Amino acid sequence: MPWSDLRDFLDELDRHRQLLVIDDEVTPEPDLGAAGAAVNRLGDQAPALLFRNVRGFNDARVAMNVLGSWSNHALMLGLPKSTPIREQFFVFAERWQRFPVEVERRRDAPFQEIPIREGINLFEQLPVFRLNAGDGGFFIDKGCVITRDPSDPAHFGKQNVGIYRLQVKGRTRLGIQVAPQHDLARHLAIAERTGRNLPVAIAVGCDPVITLMAGTPLAYDQSEYAMAGAIRGEPYPIARAPLTGLDVPWGAEFVIEGEILAGVREYEGPFGEFTGHYTGGRNTPVIEVRCVSHRQRPIFEHLYLGIPWTEVDYMIGLNTSVPLYAELKQAYPDEVVAVNAMWCHGLVAIVSLRSRFGGFARSVALRLMSTPHGLGYCKVVILVDDYVDPFDLQRVMWAIATKVHPRHDVFTIPNLPVVSLDPSSEPPGMTDKLVIDATTPVHPDARGRFARSPLVEPRAESRAWEQRLNELFARLSDGRGPN
Amino acid sequence: MPRVCPRCEAIEAQHVATAPNAGVWQIYICQQCFFTWRTTEPASVTEPEHYPTVFRVRQAEIHTAGVLPPITPPRVEIEPFREPDR
Chain A
-14 MPWSDLRDFL DELDRHRQLL VIDDEVTPEP DLGAAGAAVN RLGDQAPALL
36 FRNVRGFNDA RVAMNVLGSW SNHALMLGLP KSTPIREQFF VFAERWQRFP
86 VEVERRRDAP FQEIPIREGI NLFEQLPVFR LNAGDGGFFI DKGCVITRDP
136 SDPAHFGKQN VGIYRLQVKG RTRLGIQVAP QHDLARHLAI AERTGRNLPV
186 AIAVGCDPVI TLMAGTPLAY DQSEYAMAGA IRGEPYPIAR APLTGLDVPW
236 GAEFVIEGEI LAGVREYEGP FGEFTGHYTG GRNTPVIEVR CVSHRQRPIF
286 EHLYLGIPWT EVDYMIGLNT SVPLYAELKQ AYPDEVVAVN AMWCHGLVAI
336 VSLRSRFGGF ARSVALRLMS TPHGLGYCKV VILVDDYVDP FDLQRVMWAI
386 ATKVHPRHDV FTIPNLPVVS LDPSSEPPGM TDKLVIDATT PVHPDARGRF
436 ARSPLVEPRA ESRAWEQRLN ELFARLSDGR GPN
Chain B
2 MPRVCPRCEA IEAQHVATAP NAGVWQIYIC QQCFFTWRTT EPASVTEPEH
52 YPTVFRVRQA EIHTAGVLPP ITPPRVEIEP FREPDR
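From first to last, the protein sequence lines stand for chains A and B.
Using my numbering, read the first sequence as starting at -14 and increasing by one per residue.
Using my numbering, read the second sequence as starting at 2 and increasing by one per residue.
In case anyone wonders, no lab produced these hints; they're calculated from the structure.
Source: prediction; values computed, not measured.
Hints are supplied without guarantee of correctness; some may be wrong.
Rough simulated footprint, nothing fancy, chain A against chain B, three-plus residues with beta-carbon under 8 Å [as the list claims (entries may be wrong)]:
no.	segment
1	5 to 19
2	31 to 41
3	47 to 60
4	68 to 74
Positions of the beta carbon are idealized from the N, C-alpha and C atoms, including for glycine.
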């Protein structure tokens, strides 16, 4: 891939006419949040946005919707921008298997151009703004947050890169939301047990691959940088952050460093989240910022979140589906065909599989729910036969319509964990989970009348006809006539 | 000079920023509930009487809100059971 930073990727988007540059003056509120919501209404081929004139800031640049369409997601993978989702899934899954790819350490990080240790004011040095009207403040919501395991600081894989929402709560103060399931919560718990603060670096405005990996569920000791190398097909470039020595993306626009204060929690939120609902009003950890470094004319990248689909849904669609698929494939390589877990980070997941014997499919659903990511998600699991493409919702609904007998094929499991941001969880973080088995029963399960109701399969000649009709229709659309 | 917080109505909002370009806006932050606003935002954000009811915060709620994640107490008193070394 030709890019190592956000700027190179924006140039790539520009080459493919997937970047809208807006030089007219815009207001921090309401323009930036309003535009971030509006661009999603342009459909799943929408462009990224780059604002270069934000009222009240000197020369601020704000990028939004960088990964906010399947076109931009395909370009991020180095594929043609018209690549269908299903094909992007299988390319992603194939590269996933190349993990780990060694990182490339570089010294000349451009974020070292402007170091600030005295006179830090996050409100003035970053063009932060209120995204949605009900947000309790100004958030940094697309930063890669980097920490190490304090009990094993030399372990590169246990160094975590994750996306956590950060509320700017003072000139040098940030609130951070961390769920107990997250790797950062483990790091913080170890630090607090010994009464020490936890050093942290936040990289804002990174190339899209590491941002994607930061939002991808990886095992605790798997490095996001090593997986970024696998996905991009070459070593991922990192640099050492000047204050903390943490490894940060070499091309970051901003690097903010400081410490998460041990034993401190402060009121945070609300914030419009990826569930399409506001969450917050809880006491969360606090970061004291001690150093800000940034490039000349830095680009501040922001993520829009709202009722799906928005940019966050493109961002956490396939990167949630692929690790769940990889985990199921380890156990059932010949049976599992594909996983589509694109709804709210996998709160709903569809698994396409070959059911070998009666009860097989629903057992796979239980396996999915007990994967590390499934523990906090996979609230509704839909199982379909191997000939049903889980990315084709018309087919999935057909399977539910015709394969499901509600007395036998729908069941719930009580009192399982779920991400506390799920507004239906009661108490927050607890839920029942649902399995809808829309596969065809196989021996010895003989329910229904499927043996006497075979599938209506198209005639073999139908493929050739599809091609012929496509060509004729293309001629018709071009105005050339059918002949 | 402290201002009234539009959200929790504490008289503890502090001025924290001025627009770098021509000072066209100011930013205030409440020291109780950390609500933050820019002076150029609409009255539904900046003025207590117009602030939406659904997002209001009572000061008691600030202290009784859930803690996420829970604070880990320093030191562990009981040695955890470990698997034998192989």
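| said: Between the segment 5 to 19 of chain B and chain A, are there enough contacts, at least three residues with CB-CB distance under 8 Å, for the coverage claim to hold? | reply: holds (count 4)
| Does the segment 47 to 60 of chain B contain three or more residues whose Cβ lies closer than 8 Å to a Cβ of chain A? | holds (count 4)
| Within 8 Å of chain A's CB atoms, at least three CB atoms from the segment 31 to 41 of chain B: coverage verdict | holds (count 8)
| said: At least three residues with a C-beta closer than 8 Å to a C-beta of chain A: is that true for the segment 68 to 74 of chain B? | reply: That given contact holds, which follows from 7 residues of the segment 68 to 74 of chain B lying within Cβ reach (below 8 Å) of chain A.
The structure agrees with every numbered hint stated previously.
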